[in-house]
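I would like the entire structure built from these sequences, with the hints used as guidance.
Those protein sequence lines, which keep their order, are chains A and B.
Heads up, the first sequence is in our numbering, so the first residue is 165 and it goes up one at a time.
Heads up, the second sequence is in our numbering, so the first residue is -2 and it goes up one at a time.
No wet-lab data here; the hints were simulated from the structure.
As the structure is a computational prediction, the values presented were derived from the model and not from experiment.
Backbone N, C-alpha and C fix where the C-beta goes; we use that ideal spot for every residue, glycine too.
Fair warning: there could be bad hints in the mix.
Residues from chain B shown here face chain A by an in silico Cβ test under 8 Å; the list is partial [as the list claims (entries may be wrong)]:
#1 N169
#2 V170
#3 I173
#4 S176
Keeping only pairs whose Cα atoms sit at most 25 Å apart, straight-line, the calculated SDA-like set for lysine to any residue is [said to hold, decoys possible]:
#5 B:K239 with B:M222
#6 B:K116 with B:D126
#7 A:K213 with B:A127
#8 A:K213 with B:E52
#9 B:K239 with B:P152
#10 B:K239 with B:A9
#11 B:K7 with B:M21
#12 B:K239 with B:R225
#13 B:K7 with B:L84
#14 A:K213 with B:M21
#15 B:K239 with B:V219
#16 A:K213 with B:S147
#17 A:K183 with A:T243
#18 B:K7 with B:Q240
#19 B:K239 with B:S10
#20 A:K213 with B:Q178
#21 A:K183 with A:P201
#22 A:K183 with A:L169
#23 A:K213 with B:F175
#24 A:K213 with A:F279
#25 A:K213 with B:W125
#26 A:K213 with A:L291
#27 A:K213 with B:V124
#28 A:K183 with A:A240
#29 A:K213 with B:L84
#30 B:K116 with B:E52
#31 B:K7 with B:V219
Chain B regions said to be covered by chain A (calculated; three or more residues, Cβ under 8 Å) [what the hints assert, rightly or not]:
#32 133 to 141
#33 157 to 166
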Amino acid sequence: MNALLSVIRRDLLLALRRKGDALTVLFFFVIVTSLFPLGIGPEANLLRKIAPGILWVAALLATMLGLGRLFAPDHADGTLEQMALSPSPFGLLVMGKIIAHWLTTGMPLVALAPFLGLLFDLPADALFLLTLTLLIGTPLLSLIGAIGAALTLGLRGGGVLLSLLVLPLYVPALIFGAGAVEAQIVGLDASGHLSLLAALLALAVFFAPWAATVALRIALE
Amino acid sequence: MSNRLINWFKYASPQSFYPLAGRMIPWFWGLAAIAFAVGLYIGFFVAPTDFQQGEGYRIIFIHVPASWMSMFIYCVMAFWAGLGLALNTRLSSMMAQALAPTGALMAFLSLWTGAFWGKPMWGTWWVWDARLTSELILFFLYLGFIALTSAIDEPRRADKAGAILALVGVFNVPIIYFSVQWWNTLHQGASVSLTRAPSMAMTMLLGMLVMAFAFWMYSIAVALMRVRAIILEREAHTDWVKQLPEVQGAR
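Now the structure itself:
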């Protein structure tokens, strides 16, 4: 447990020292969401209808952009190999890195989402639900993305390849996340979507760090 | 003990599998050709015209077997990839890589023929329906597998990384399928089901099953040809490859 906490603390410290990286992802999120009204037109009704989808897709792309930094710097300077060789279980350290990644990219997105929702004139209860789905959904995105990041570690064209691998796997999260908010806007019960999203998160918490660890060991061979 | 049991691992080495595959390929091609001829004959001339869909329905003789194969090949691919990861057998991973392009082709064929069928029946090339969308995502999963394995130069790492992706994908296929199904559905229900009587004429069903068999034989033949090519490529440094007549002849 100490090892887990110290990895999280170390990654957060590194992120604080390089604020630009985390901020870039946030600005990307803001810019992408504000491009949609410009492309589609300023009709408030239409925008209100598509807002959950837009915010979710933007969050998905922003998380994916940040994935490149999850393992690559540690791989470049050899820290990752030291972690693999260290006496503490490697899976736990990988889990720590994923948690730190979520704290630096996913959590700011969640905090920012309600304000961006206001730009689309979402009602208050929909804003609350959107934030809640992102709160459950962004850790899921970080977990699934970690598998892709580990598989493409050190490959040429890793960034594009990563999106090809990870985006199809993000589909269920997108469907249930955006679906919950849309269901509530049209007056249906959103709890089914939320439960399924949480179930996916539970599955991913169990399996994804393990798969990412195996993938990292292969990349380090 | 060893007399009674077949030695399953004998053909796990590329060296002994290569000639065996070479001997099997003509048979599978032959069976595929016969089944295609019979299946297409039934499909075009014997099966009755559908009273609702007219002649246009005949595309199902390609569409349905291609969809079946696209889903089935992904499972087979994940099986071989997983076996390669677990037992460290090189041939299993080669088999997985040989299957991927055929699977992607089947998924593409299924989407393409589906679009051709959709235009006269639904009046649109594409709808965001559950089964279409999950087939599209399956196609993307195939592309991801091919892209990942071809981006890694070192074959052993490519095998293992591909195996993890295939296994993650195979767990995700049902999740994606059900999530998309809940999201939206317009596609007609499955016409063939194991639990209830088929809702189509016997000759149509027969034609479709013969075509499915033809697709099976074709896929096996092509996968074996491709696995032979992969074996030659990877084992090019070994003596047994250098002594093969086809390799010597090419010199």
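Here's how the hints hold up against the structure:
This hint holds: N169 (chain B) has a C-beta 6 Å from the nearest C-beta of chain A, less than the 8 Å allowed. The interface hint given for V170 (chain B) is broken, as the beta carbon of that residue sits about 10 Å from the closest beta carbon of chain A, more than 8 Å. Taking 8 Å as the C-beta cut-off, the interface hint given for I173 (chain B) holds, the closest approach to chain A being about 5 Å. Below 8 Å, beta-carbon pairs count as interface contacts, and S176 (chain B) has one with chain A at about 4 Å; its hint therefore holds.
For the hint linking K239 (chain B) to M222 (chain B), the alpha-carbon distance of about 19 Å falls within 25 Å, and the restraint holds. The hinted pair formed by K116 (chain B) and D126 (chain B) meets the criterion: a straight-line CA distance of about 14 Å does not exceed 25 Å. Under the criterion of a C-alpha separation no larger than 25 Å, the hint pairing K213 (chain A) with A127 (chain B) is consistent with the structure, at around 21 Å. Among the hinted pairs, K213 (chain A) with E52 (chain B) is inconsistent with the structure: their alpha-carbon atoms are about 41 Å apart, more than 25 Å.
Between the alpha carbons of K239 (chain B) and P152 (chain B) the distance comes to roughly 20 Å, so the proposed pair stays at or under 25 Å and holds. The hinted pair formed by K239 (chain B) and A9 (chain B) meets the criterion: a straight-line CA distance of about 20 Å does not exceed 25 Å. This hinted pair checks out: K7 (chain B) and M21 (chain B) have alpha carbons roughly 16 Å apart, not beyond 25 Å. Of the supplied pair hints, the one linking K239 (chain B) and R225 (chain B) holds, its CA atoms being roughly 14 Å apart against a limit of 25 Å.
Of the supplied pair hints, the one linking K7 (chain B) and L84 (chain B) holds, its CA atoms being roughly 14 Å apart against a limit of 25 Å. Proximity of K213 (chain A) to M21 (chain B) is assessed by CA-CA distance (about 57 Å); at most 25 Å being required, the pair is judged violated. Between K239 (chain B) and V219 (chain B) the CA atoms are separated by roughly 24 Å; this keeps the pair inside 25 Å, and the hint holds. Taken as a hint, the K213 (chain A) and S147 (chain B) pair is broken in the structure, with Cα atoms around 41 Å apart against an allowance of 25 Å.
Distance check on the hinted pair: K183 (chain A) and T243 (chain A) sit about 21 Å apart at the alpha-carbon level, within 25 Å; holds. Distance hint between K7 (chain B) and Q240 (chain B) is fulfilled; the C-alpha atoms sit about 20 Å from each other, no more than 25 Å. For the hint pairing K239 (chain B) with S10 (chain B), the CA-to-CA distance comes to about 17 Å; that is within 25 Å, so the pair holds. Between the alpha carbons of K213 (chain A) and Q178 (chain B) the distance comes to roughly 21 Å, so the proposed pair stays at or under 25 Å and holds.
Distance hint between K183 (chain A) and P201 (chain A) is unfulfilled; the C-alpha atoms sit about 29 Å from each other, more than 25 Å. Using a Cα cut-off of 25 Å, the hinted pair K183 (chain A) and L169 (chain A) holds, with the two alpha carbons roughly 21 Å apart. Distance hint between K213 (chain A) and F175 (chain B) is fulfilled; the C-alpha atoms sit about 24 Å from each other, no more than 25 Å. With a CA separation close to 17 Å, the supplied pair K213 (chain A) and F279 (chain A) stays within the 25 Å bound.
A C-alpha spacing of about 18 Å is found between K213 (chain A) and W125 (chain B), which places the hinted pair at or below 25 Å, so the restraint holds. Simply put, K213 (chain A) and L291 (chain A) have alpha-carbon atoms about 13 Å apart, close enough for the 25 Å limit, and the pair holds. Under the criterion of a C-alpha separation no larger than 25 Å, the hint pairing K213 (chain A) with V124 (chain B) is consistent with the structure, at around 20 Å. Of the supplied pair hints, the one linking K183 (chain A) and A240 (chain A) holds, its CA atoms being roughly 20 Å apart against a limit of 25 Å.
A C-alpha spacing of about 51 Å is found between K213 (chain A) and L84 (chain B), which places the hinted pair above 25 Å, so the restraint is violated. At roughly 13 Å between alpha-carbon atoms, K116 (chain B) and E52 (chain B) fall within 25 Å of each other, so this suggested pair holds. Distance check on the hinted pair: K7 (chain B) and V219 (chain B) sit about 22 Å apart at the alpha-carbon level, within 25 Å; holds. Here the region 133 to 141 of chain B counts 5 residues with a CB under 8 Å from a CB of chain A, which clears the bar of 3, and the coverage holds.
Given a C-beta distance limit of less than 8 Å, the hint that chain A covers the region 157 to 166 of chain B holds, as 7 residues qualify and 3 suffice.
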